[in-house]
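Going by my numbering, the sequence shown opens with residue 2, and the numbers climb by one from there.
It is worth saying that the hints were derived from the structure and are not from the lab.
Treat the hints with caution; some may be incorrect.
Pairs of lysine-lysine residues, derived as PhoX-like cross-links and limited to a Cα-Cα distance of at most 25 angstroms, are as follows [as the list claims (entries may be wrong)]:
| id | residue 1 | residue 2 |
| --- | --- | --- |
| 1 | K480 | K362 |
| 2 | K387 | K450 |
| 3 | K254 | K120 |
| 4 | K480 | K295 |
| 5 | K187 | K482 |
| 6 | K120 | K295 |
| 7 | K120 | K298 |
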Amino acid sequence: RHWHWHRQRPHRILPMQAYEAVPPGSGSDEEEGGARITRARSRERKGSVVRCVAIASLASFCFGYHMAVINGPLSEIAIKVGIQGEAAAQGLVISSLLIGATVGSFCCGRIADALGRVKAFVVCAIPLTVGPLVCAASAIAVAGEFGVAFPVVVLGRLVTGTGIGIASSLVPLYIAEVAPAKSRGKMATINQFSICVGILFGLVANLVFQAKQWPAMFMVGILPALVCGMAMCFCPESPRWLALRGQSKQAEKSAMQLWGSGEEVQMEIQELISSQSASLSKQSPSSASILERKYRKVLVVCAMMFVIQQLSGINSVIFFSSAVFKEIGVKSTAAASAMVGLVNVLGTFVATFFIERVGRKLMLDVSYGGLALCLVTMSLGSHFGKPTLVVAGTLLYILAFSTGAGPIPALYVNEIAPEPIRGQASATAFGTHWVMNILIGQTFLPLVKAFGIPAVYAVFAAVALGSLVFSRKVLIETKGKSLDEVSRAFTA
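Can you build the whole structure from these sequences, using the hints too?
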């Protein structure tokens, strides 16, 4: 009897938490065992992908953290390095990060295509570790009165920015290629969530540390960079990258590590390999260029997605929230800025819930419309001297941005780009993102001084309305479709 009982049971031993209780009498032992295994395999498939995406998104955490941490101590840094009252020099402390990010982003496509997505994460971790160390060295220069503190701060931010630029392009690229079609949108929000959490930590660091401890604020960002670089070495390579280079067996192995096993998964793997082989027979990835005429629409849309995103004013709100709140009379500027980061995180949770339910286009439409309305509110509040109205409008603006205009463009550009140029498309899109960041970082404070906050916010509102028109007229829905289906539909 014991031998027969053993033969009837599945041979695979699973962790206790993988099994679910089945009511007595609901079926035979074999049926119950099969149902348990099916549920366990489903969980394993989801868990492996989410785990890899979460590790990759640590680079996005660094992105958000280093973007936001400068918000509080900027005035203290200006005093220490002798640029107090010099708007252009203070803008350079901020924009040096963006210049480095622009370089890193444009280089990311070639790095990720040549080395593979996983090795590119190791490359990304190097400047994200070295850059903060250089910034800390500037504090030593100040203490020793060497007179080189300002150049060292700029250099450290420049190196850090290179890593941020690679991360901004690489993380959504990796997620788009390893995530199943039915959950690609949700997993893409992990990237945005990590950026938001990084921003929140950066703003909270302004509360935890004193302004004169700004070197320590920069150093905090080293740990997640190191963890990301080391842990990604144990994550599977993108199956699409492998298959596009003719490595079918390795692609199948990588896909099984990410998605598990089963008939449905095997069908997905075979479809992936077949589509990649077809793409490879038409054009090798090394010879493909996003500048080719057939990819012109993809190039324009990828760039425009981030031009309109940035010109709607998001980074002026993140970078200069403390300065703006102080100018309009808000007493606790650091606390108000931390609230901005918290709302950013909450908005990303909302996006996670709705992105696979209502689709990308509708979320973008609602988001851009909400941005325009909030910016008008902020402009009026600033004009009439109503701090409460400005803070409320700012928080609602962040909520509107983080539910659509924030997470979706990074996902969308990797969905519409054909396989041979996906890395280049992502690099082009985020390179444009960082160019616009530099433009805003260098001009926002001078424009505010010249024309006032209400006028600048009014211009941002007009851009947000234009973005709504662009979304409705040009973009297509990508929810639930494979990457091959999306790219074919968009380029048809």
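Hints, one by one, checked against the model:
A C-alpha spacing of about 9 angstroms is found between K480 and K362, which places the hinted pair at or below 25 angstroms, so the restraint holds. Among the hinted pairs, K387 with K450 is consistent with the structure: their alpha-carbon atoms are about 19 angstroms apart, no more than 25 angstroms. About 18 angstroms separates the Cα atoms of K254 and K120, which keeps this hinted pair within 25 angstroms; it holds. Taking the CA atoms of K480 and K295, the gap is about 24 angstroms. The hint holds against a cut of 25 angstroms.
Proposed proximity of K187 and K482 is supported: the alpha carbons are some 14 angstroms apart, at most 25 angstroms. Distance check on the hinted pair: K120 and K295 sit about 30 angstroms apart at the alpha-carbon level, beyond 25 angstroms; violated. Between K120 and K298, the direct Cα distance comes to roughly 30 angstroms. Violation of the 25 angstroms bound is thereby established for this hinted pair.
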